[in-house]
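Please work from the sequences and hints to get the whole structure.
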Amino acid sequence: MKNTLLILLAALTLTLTACGRDKTQPDTSAATDVGTSDGALTDRTGGSGAVTESALDAETRRRLSELVIYFDYDEADIKPEFNAMLQAHGRNLAANPNMQVRLEGHADERGSREYNIGLGERRAQAVRRVLQLQGAGAQQLTTVSYGEERPAASGSDEESWRLNRRVELVYR
Amino acid sequence: MVRMLRTNARAGWIASAAALCGLLASVAEAQGFNVVISEGSEAAVPVAIVPFGWQGSGPPAFDVAGVVSADLASTGRFAPVPTRDMVSRPTQAQQVNFQDWRLLKTTYLVIGTLAESTADNFAATFQLFDVVQGQSLTSFRLEAARGDLRRVAHRISDMVFEKLTGFPGVFSTQIAYVSEERRPDGTKQFRLIVSDADGENANKIAESSQPLLSPAWSPDARRIAYVSFEGGVSGVYVQTLRSGTRERVSSRAGVNSAPTFSPDGRSLALVLSRDTGNLDIHSLDLTSQVLRQLTTDAGVDTEPVWAPDGRSIYFTSDRAGGPQVYRVGTEAGQRATRITFQGPYNARPRVSPDGKQLAVVYGENNRYQIGIVTIDGGQLQVLTDGRLDESPSFAPNGAQIIYATQVGGRGVLASVSSDGRFKTQIASVAGNVREPVWGPFPRP
Numbered sequence: 019m020k021n022t023l024l025i026l027l028a029a030l031t032l033t034l035t036a037c038g039r040d041k042t043q044p045d046t047s048a049a050t051d052v053g054t055s056d057g058a059l060t061d062r063t064g065g066s067g068a069v070t071e072s073a074l075d076a077e078t079r080r081r082l083s084e085l086v087i088y089f090d091y092d093e094a095d096i097k098p099e100f101n102a103m104l105q106a107h108g109r110n111l112a113a114n115p116n117m118q119v120r121l122e123g124h125a126d127e128r129g130s131r132e133y134n135i136g137l138g139e140r141r142a143q144a145v146r147r148v149l150q151l152q153g154a155g156a157q158q159l160t161t162v163s164y165g166e167e168r169p170a171a172s173g174s175d176e177e178s179w180r181l182n183r184r185v186e187l188v189y190r
Numbered sequence: 016m017v018r019m020l021r022t023n024a025r026a027g028w029i030a031s032a033a034a035l036c037g038l039l040a041s042v043a044e045a046q047g048f049n050v051v052i053s054e055g056s057e058a059a060v061p062v063a064i065v066p067f068g069w070q071g072s073g074p075p076a077f078d079v080a081g082v083v084s085a086d087l088a089s090t091g092r093f094a095p096v097p098t099r100d101m102v103s104r105p106t107q108a109q110q111v112n113f114q115d116w117r118l119l120k121t122t123y124l125v126i127g128t129l130a131e132s133t134a135d136n137f138a139a140t141f142q143l144f145d146v147v148q149g150q151s152l153t154s155f156r157l158e159a160a161r162g163d164l165r166r167v168a169h170r171i172s173d174m175v176f177e178k179l180t181g182f183p184g185v186f187s188t189q190i191a192y193v194s195e196e197r198r199p200d201g202t203k204q205f206r207l208i209v210s211d212a213d214g215e216n217a218n219k220i221a222e223s224s225q226p227l228l229s230p231a232w233s234p235d236a237r238r239i240a241y242v243s244f245e246g247g248v249s250g251v252y253v254q255t256l257r258s259g260t261r262e263r264v265s266s267r268a269g270v271n272s273a274p275t276f277s278p279d280g281r282s283l284a285l286v287l288s289r290d291t292g293n294l295d296i297h298s299l300d301l302t303s304q305v306l307r308q309l310t311t312d313a314g315v316d317t318e319p320v321w322a323p324d325g326r327s328i329y330f331t332s333d334r335a336g337g338p339q340v341y342r343v344g345t346e347a348g349q350r351a352t353r354i355t356f357q358g359p360y361n362a363r364p365r366v367s368p369d370g371k372q373l374a375v376v377y378g379e380n381n382r383y384q385i386g387i388v389t390i391d392g393g394q395l396q397v398l399t400d401g402r403l404d405e406s407p408s409f410a411p412n413g414a415q416i417i418y419a420t421q422v423g424g425r426g427v428l429a430s431v432s433s434d435g436r437f438k439t440q441i442a443s444v445a446g447n448v449r450e451p452v453w454g455p456f457p458r459p
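Chain order of the listed sequences is F and B. According to this note's numbering, the stretch in the first sequence is residues 19 to 190, in order. According to this note's numbering, the stretch in the second sequence is residues 16 to 459, in order.
Honestly, the hints are just simulated from the structure, not real lab data. It is possible that some hints are incorrect.
Example chain F residues on the side facing chain B (calculated, C-beta under 7 Å, incomplete) [said to hold, decoys possible]:
no., residue
1, L85
2, G129
3, S130
4, E132
5, Q150
6, S163
7, E167
Please read these numbers as outputs of a predicted model, since none were measured by experiment. For each residue, glycine too, the CB sits at the ideal point set by N, CA and C.
Take a look at the structure:
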C-alpha cells in the first residue's frame, strides 16, 4: 500500500515536471520556468524536491498572472508583498529577452494633477529598477505615467484611492 | 444659502439669439454654465441692471441687461436686483427716480438702450449711476454688428466693474478647460474646450480617447499648449486657435508634461524625465528648439510657471519630502530657493499678474484646497473649503481665481476672489470638467 502510494506520487511528480518543462521550451508566454536562469535545475529532478519544484511552477505562474503593484499614499516604495511577484516577472523577462513590458504608473486623485504625473512616473521607475535587478534588460522596459487621469476605480474613498495608486505591467 | 441667479437671463438670451441668427452651436448649450452664488452674497453689493430700451423693428435684438447682470453676479461681488422687483424701468437719464431705487436698497443702477441703425449695425448706450449719491458715474456708446452684441454686453460689464471696483473687468476674456465624458460602452472621451469667461460660446479645440491635460494660454491668447496621451505616450502640443493647426513640440522618452508659455511667448517651460526617469524643469525655445535644463534635483520637479518678468520660474518639488513651491532663475545653472513653508502640501503654483502672490493647491488632513501665499513674507491664506480643489488660475485682473472642485462626484468649475471673500460656482449643465485656465486680456 505504502509502495503503491510512493509510485503514484513519483509518476505524478514526473508528469507535473514534464508539463512545466514543456511549457517553458517553445513559447515565450508569461509561464516561464524561473529555475532555468539560476542553475538550480539539476537539483530538482526526481524525489520529493520535484514536488516542490512543480509547486513553485504553479506559484510562479500565479505570480506572473499578477500584473498590478499597489503603493501607499505619496509613496513609490515597493511593499514587501510584491517582491516575489516582481522577482518572477524580472526573471521571466531575463529568460525571454525579446519580451517587452510597458510599466504604466498611476496615482490617486488627491492633490494636483501634474504632481500626480510625477508620482506615477516615480512608481513606474521603482518597478523598472526592481525588474532590472532581477535581470530584465533596460531595452525591454518602457514607462509611462498617467497620474490620476486613468483611475482603475472611480470612487472618492480610501478603497478607490488604494486601487488607483498602482503600476500596471503590460506585456506586449 | 444657494441662489440661482442666471437661469431666466440665460434662457431668454438663448431664445432670442437662436431665433435671430442660430449663432449658438449645440456644444455651447451642452457645455453652457449656470452661475450659482454659493457664498459671499451677504456682502454682495445690490445693483440694478434695468432691461435696455429697444429702438428697432421686431423684438429686441439682444438682452444686453441680462448678460451684464449675469456677468456682475458671476464675480460674487454684486447682487443684481430681479427685474420683477423693479418699480420703474428707466431707459434714459431723465426717467431715473433715485427714490425708487433707494427703496429697493439698490446701491448702483445701470440703464441703457439698444438701437438698430441699419440692418446689421447696432448702437448700445449705457449709463451707470450711484443711487446713494444720486449722480451719474459714467456713460458710454458702443457700436457693433449683430453677431457682436454679446461682446458689447461684456464690454459694458467690464466698464461697470472697473468703475465700481477699480479692477479691470475680465468679462471679455476666455477660459480653457478639460472635459471628460464616459460613453455608454465604457470608453472615455477627453475634450479640450475654449469658451467665454462665463462658459458661453464653448468650442471644442481637441478631442481624444486618451487623457488630455494641462492647457496653458500663450500671452497673446492665440495659442494653447497642452499635454496629450494619444498613441499611449505623453506629448506636449501647441495649437493655434484660429487656424486649428497644431504642432507636437516635445515627445521625448518618458514624461513630457506641464507646459506654460514664457511672458514673451517665445519659450515653453515644461517637464521632462528623458532617459533618467527623473522629472526636471526645462525651457524650450519654440523657434530655435534649444532645450535648457533648469533643475537637476532627484525629487519630482514639476508644474513650472513663469514670473511676469520672465526671469524666474516657480515650480513644485518634493525634494524636501512633501511637495512645496520653489523658484529658480531661467538662466541655466541657478540654485532653486524654497518659497512655501506653511503646511505639508503646497503644489501647482500660479503667479498673480503683479507677480507678488502665488495661488497653490494646499493640502492638509486629507483635504486639498486653494491657498494664496505672498511671495515675500510667505503667509498663506486658504481661500476655499472643498475636499478636492485643484488647478487654480488667476484672472488677468488678479481679482479672481478660477479653480476645479467636485460636487456630487462630478468635476465642476468655481471661482473665488483673491481675498477669499466672494465665491461662486460655475456648474456646467453636462459633463465632468476640470483644469480651468483663465486666458489673458484680449489684445486690441
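Hint-by-hint comparison with the structure:
1. L85: Hint violated; F:L85 Cβ to chain B Cβ min 16 Å, cut 7 Å.
2. G129: At 6 Å from the nearest chain B Cβ, F:G129 passes the 7 Å test, so the hint holds.
3. S130: F:S130 check passes; min Cβ-Cβ to chain B is 4 Å, inside 7 Å.
4. E132: At 4 Å from the nearest chain B Cβ, F:E132 passes the 7 Å test, so the hint holds.
5. Q150: 11 Å, violated
6. S163: Nearest chain B Cβ about 6 Å off; hint holds.
7. E167: 4 Å, holds
Of the numbered hints given earlier, the model fails hints 1, 5; all others are met.
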